[in-house]
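Take the sequences, apply the hints, and build the full model.
When we follow my numbering, the leftmost residue of the sequence shown carries the number 1, and every step to the right adds one.
The hints are simulated quantities; they were obtained by calculation from the structure and are not laboratory data.
Glycine included, each C-beta is placed from N, C-alpha and C at the ideal position.
Treat the hints with care, since some could be wrong.
Now the in silico label distances, taken between C-beta atoms and shown as ranges [claimed, not checked]:
1. 11 / 39: 15 to 23 Å
2. 14 / 39: 18 to 26 Å
3. 2 / 89: 12 to 20 Å
4. 52 / 29: 16 to 24 Å
5. 65 / 2: 27 to 35 Å
6. 11 / 51: 15 to 23 Å
7. 46 / 88: 15 to 23 Å
8. 96 / 1: 27 to 35 Å
9. 80 / 40: 19 to 27 Å
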Amino acid sequence: MLMRAEISYDHVMDDDMSFVEGTYRLPGQEWQVVIFSRRPIAFPELRSGAWESGVTGVWVGFPKEWQLNKSVVERLLGEHLGVTEWVEVRGPDSMNRR
1 MLMRAEISYD HVMDDDMSFV EGTYRLPGQE WQVVIFSRRP IAFPELRSGA
51 WESGVTGVWV GFPKEWQLNK SVVERLLGEH LGVTEWVEVR GPDSMNRR
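Okay, structure coming up:
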């Protein structure tokens, strides 16, 4: 089944990011936060949950040695959420959402 969702990045994405933060919106839902943070781990660790503000989203611990870019973010987040196509838009800043 196809699912299209929107994603917005807080920073200009390049070929290998040290950190990624942004927001995403699934069909019919509110904007949520996504954070990719490099860690000394072997494989990505994805956790869905809520910040103290009540805003929900996904936090991803990402291996330091792996390349982190837009295609990696969209693939991993898409697999986790069941999204098959991301449309990049200008959404709310994640810092303001949290």
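>> Under the constraints set out in the numbered hints, which ones does this structure not fulfil?
In response: none
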